[in-house]
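Number of protein chains: 4
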Amino acid sequence: MPSVSIVNVTSYTGLELLRLLSQHPQFVVTSVTGRSAVGKRLDEVFPQLSSLLAFNQAATPAVNPKLVIGEEPAQTDLAFVCLPHAAAAEMVAHLLKRGTRVVDLSADFRLYDVAVYEEWYKHVHPAPALIEDAVYGLCERYRERIRKSSLVANPGCHSSTAILGLLPAFAAGIINPDVIIDSKTGISGAGRSPSLKTHYAEVNEDMSAYSLEGHRHLAEIVQELIAGAKDGGHPLSAPPRITFIPHLAPMTRGILATCYADLKPDAQQRMPTTAEIRALYEEYYANEPFVHVVDQPPHTKWTYGSNHCFIYPVVDVRTQRLIVISCLDNLVKGASGQAVQNANLLYGYPETMGLSIVGVNP
Amino acid sequence: MPSVSIVNVTSYTGLELLRLLSQHPQFVVTSVTGRSAVGKRLDEVFPQLSSLLAFNQAATPAVNPKLVIGEEPAQTDLAFVCLPHAAAAEMVAHLLKRGTRVVDLSADFRLYDVAVYEEWYKHVHPAPALIEDAVYGLCERYRERIRKSSLVANPGCHSSTAILGLLPAFAAGIINPDVIIDSKTGISGAGRSPSLKTHYAEVNEDMSAYSLEGHRHLAEIVQELIAGAKDGGHPLSAPPRITFIPHLAPMTRGILATCYADLKPDAQQRMPTTAEIRALYEEYYANEPFVHVVDQPPHTKWTYGSNHCFIYPVVDVRTQRLIVISCLDNLVKGASGQAVQNANLLYGYPETMGLSIVGVNP
Amino acid sequence: MPSVSIVNVTSYTGLELLRLLSQHPQFVVTSVTGRSAVGKRLDEVFPQLSSLLAFNQAATPAVNPKLVIGEEPAQTDLAFVCLPHAAAAEMVAHLLKRGTRVVDLSADFRLYDVAVYEEWYKHVHPAPALIEDAVYGLCERYRERIRKSSLVANPGCHSSTAILGLLPAFAAGIINPDVIIDSKTGISGAGRSPSLKTHYAEVNEDMSAYSLEGHRHLAEIVQELIAGAKDGGHPLSAPPRITFIPHLAPMTRGILATCYADLKPDAQQRMPTTAEIRALYEEYYANEPFVHVVDQPPHTKWTYGSNHCFIYPVVDVRTQRLIVISCLDNLVKGASGQAVQNANLLYGYPETMGLSIVGVNP
Amino acid sequence: MPSVSIVNVTSYTGLELLRLLSQHPQFVVTSVTGRSAVGKRLDEVFPQLSSLLAFNQAATPAVNPKLVIGEEPAQTDLAFVCLPHAAAAEMVAHLLKRGTRVVDLSADFRLYDVAVYEEWYKHVHPAPALIEDAVYGLCERYRERIRKSSLVANPGCHSSTAILGLLPAFAAGIINPDVIIDSKTGISGAGRSPSLKTHYAEVNEDMSAYSLEGHRHLAEIVQELIAGAKDGGHPLSAPPRITFIPHLAPMTRGILATCYADLKPDAQQRMPTTAEIRALYEEYYANEPFVHVVDQPPHTKWTYGSNHCFIYPVVDVRTQRLIVISCLDNLVKGASGQAVQNANLLYGYPETMGLSIVGVNP
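Residue numbers (our numbering), protein chains in the order written: chain D, 3 to 364; chain X, 3 to 364; chain Y, 3 to 364; chain U, 3 to 364.
Keep in mind that the hints were calculated from the coordinates and are not lab data.
Among the clues, some could well be false.
Said to hold, decoys possible - DMTMM-like mimics (lysine to aspartate or glutamate), calculated; alpha carbons at most 20 Å apart, straight line:
| no. | chain 1 | residue 1 | chain 2 | residue 2 |
| --- | --- | --- | --- | --- |
| 1 | X | 68 | U | 297 |
| 2 | Y | 68 | D | 297 |
| 3 | Y | 99 | Y | 74 |
| 4 | X | 199 | Y | 46 |
| 5 | D | 199 | X | 297 |
Keep in mind that this is a model prediction, so the values were computed, not measured.
Okay, chain D solo, but in the shape it has when bound (with noise of 0.2 Å):
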């Protein structure tokens, strides 16, 4: 059973993965870091995780809530990083030196090109050599090669939402690349890190947009619908024009992302119809255990603590747009989920193991 590191733990994506890791029947964590809470065991920093103990009766138990949270992760087979960027390349580059698999949770390693992410993100890349054997760790898109690697780089969660409700539309070629994104997220995505801008009363009944200037998980949208495109056999003759625009909405957890792009009418000028697109929407995902074709807007509370994605396309009659609702848990399919499911394709697990969890409904 491989040994797991959790740098970080005290962060949400930590916290989410030692929730479903307790569940998951292969890794073992044994390793758990997070500089504010050093010394202490998980269930001082986490009292709800006492309520494992009783289940921990195994040799050798998921997560035992007595772990007691280090500083400097322990030798193991495999590990979770959810550092923030550039701490988080310094340490994933310290823990493939010795030889243990990665699953980042940050960006660091999710633009192929180091000048872009510069640009986003405003620092040198601490680790531009590891970027080529980097994946980008959307399963649907990169299973082949996830398995293979030893270092994926966990997709953003405003961009796993977007990128899944757009690939198909790109792959196929059937809308104009101008595309607007308008992405509402629950406020957990904004990390555990008290702020007026996550104060209770002050974001509670209110709805904003943040980000204007531009989001740093533009960048990933628009590599990863190029690269949908390409290899959907309708490449792209230009850089797409992608406006992005993410909302917090006054609930902790869910993204919903409405996106809307023009039609291209076919050879014969025909548009295709929302029966069209969705018989080829569900074609792209037959066979995808977590993403899931509707015929009716979704909800993000059908995922909430679950690794599911729900997409609606439709067509706007009108104005012959394409209309794509895509919705998921920010912390589950959209961060500590995703890394699960990575990690079991790292093992040759199957991708399911460990996230097999319904929505919790109502």
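Based on the hints, put chains X, Y and U in the right spot on chain D.
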């Protein structure tokens, strides 16, 4: 002091009118109706109104919580009609005939073209002859006409938000009339009748889109943006191509519309900058007491319980798109506050009378 | 593998059973009923269940989202009855007659004294003869009897919370049986039928008390605390004097009961300390997988979606009162999770089977 | 028109004072301080206040959003002090010395006994000599003394709720002074400084109790109930035995206190009925504009943004306990609204001036 009826006071717009009028120094509510509660006193249906009693020492209190809900409106100088469409038109015809001025909060008199109305609302208009006497009650646009009118068609909540956000751009002719409006509303917009769609456990911690097949407010938006472009000296050569998608957000009040459109280059092929557009917006709304152009993304919570609208125009420099974010309280500037503003105009009072409240925050 | 019916699956407890059983390795749901949705597939009523399909490659999936909702339960080994009281008893009688084991989630078989039942529920009990065969389904108390039973009366949500919080104190005889239980519940406890009391805009951002004239769960609480005191060797000399006031809190899930009682001095007139009482509680629940005595005030959010209950006993040193805070998820340990725990006992499975999930947090 | 300072205006009580005073016809805010924002204009810190500008055509607007935040309060007639305890007392001493009347929203002058203060607040009182000049600012109790005072100690939010709920019962001597107060507060009560305890994702969808070891508001409650009993002609023979447990509820505003006490039989050994107690409560608050005795359990949402308090007394007939439910908006009647009410008294204005708003509902 003009006497006032509220028809269908048991709706949320009716309740909000009571709250706002209780602070109004001129109007006196003397008649309230509401089928489901005939014979009950206001404070039996809305117990919080009992708090008004202490403030009703005047000979003619604006709102008396002991008022009994009737079946038919008594003769009054002014009436606010909060009925659903179709029922509203019949009541409006009846009230106008007996000399009552009317602010109609339904959609029945918002559309000047009866054919468009009947296409969207799927029934024969009950009083088409009255349409030409009605004024679309967006005070920022039509205050002179409203002053001379007897019938004001109070705008829809999504419509108000989007139209106020886009008017300056259409009037100045700086964008292509090819617009996407992604609107997010609180749940009070769905009214006071219980249903699974407004059931707490279903919509709490949830985001979803609705009316993907076309929402009725689109018709108003199109009508008013065409008119705004024309009156601004930049008439459209063809109908605008607008996609409007509303979303339900887990909050009680507030609408935030994010509007996207391509900028048009000027004669010198230069694109307008954010600063230029903001100046243009500020000028357009320079003397408006309730519309505020701001220099950061606004929050619906700034508007909670108030009649104010905040607008933030900004250029997406990567794509040369204009993004406009507009927000207001759907029950106030999006309904009952706008209705009081209209009533002030009908009676020649200062437009802000009774509406000076600032948003409740946090 | 035992076949299972869920009667009235369109309720929230029915939906929660589907979610939990979908993770269960033994039970197979083969029949579901629900009057309002007869003829529909499960995934038409609950679209999020479509995500289960990918996991149903087994010959006999635990929950098949394509299952069609019927009017009457088919013959199965086990049935969960989620009907309202009275209707439940009739169904239970019918099911038992044909040899089905039953976990009844209604109140019909919780009270051993039919007169008490009829006083609280205001109707004649439809099947009084079955009462003596029923076991009150609080596993922590009655697991041996449940194992041998065919009819388990699953406890109420408020009752479970309060009884688990107070049992150790009653069993040890350390308090006067003069207790105040102030309980706060999330709104899913009110069920899935829309009403003004559960309408989002009414209950969001609101706290209120209800059932001040007496809530039916009080009868269970009294019955079980008397029994707990007796079985603990400290029988009460008179009925306990208990005030139980439930409150509605603006959240979907969770119950938190704050219980207050006067401590009794021991033979030496010494009052027990917090440390002593905590030790006593820890011993009482030492081997319980789902009940956790903690050393800080627990949060309902620790229990979200899980079958766990957290209990914090503490002495108010100024008044020598015992305060016990107890919390759980009203739909899991307070309803459907407890029901699965009972079903595990009925079939001799490990009590925790299918219930190993930890709370979704944040 | 009296000039006003708000000291530490960047707190939630400071912001709420701005909102309320903007509607006040007499006071003019001329000085605001706030360490973290010195040099900024009010509308830079609170952008929603920019909406006030349109209403500030008067020569002396009540609140000017362009006012610059200073480090020290300028000389004004009146000051509201929103500092934390200890810092408040020093500021109050300074302000009184220069002839400014003060409403202090901190706890520094609420307790008449400096020893009690120092026991609860764990530091030496910075200005004990001023205590005897201070009046506890619960207008319903002390309006005559407040009128003649220069220093008003504005009550705590939990204290106001509980004291208003229990005063009539203590004054009439109908209960044993053996009381349990279970109080539920919205999260704005924790102030505007971010922390994990007020982080949205932590407290949304969560209930918990806090300050189990003793909350400071208990000292005020005890002091005022003793005084209320004495002034009502039913002095207590011993200190009351009060347990007060506050809880955090997932809402922004509102406090609901549920109070429990044993009724005392009268001379004929007869227990008072609900009707008698309600009559007694109604008489006690007969002339109060802000306190309303109601005949059903009140909702915090009735009070949202208003200065009203709703109280529901009822006998639990099974146990002969009195239950009193009391609720208000913690930032208005529980803080800044009460402060304005006090300021009105200091200046001989009608007590309700500027406070006539009814709760925002839904």
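Checked hints:
Simply put, residue 68(X) and residue 297(U) have alpha-carbon atoms about 15 Å apart, close enough for the 20 Å limit, and the pair holds. Straight-line distance between C-alpha atoms of residue 68(Y) and residue 297(D) comes to about 15 Å, which keeps the hinted pair within the 20 Å bound. Taken as a hint, the residue 99(Y) and residue 74(Y) pair is honoured in the structure, with Cα atoms around 15 Å apart against an allowance of 20 Å. Taking the CA atoms of residue 199(X) and residue 46(Y), the gap is near 15 Å; set against the 20 Å cutoff, the hint holds.
For the proposed pair residue 199(D) and residue 297(X), the alpha carbon gap of about 17 Å is at most 20 Å, so the pair holds.
The structure shown violates none of the earlier numbered hints.
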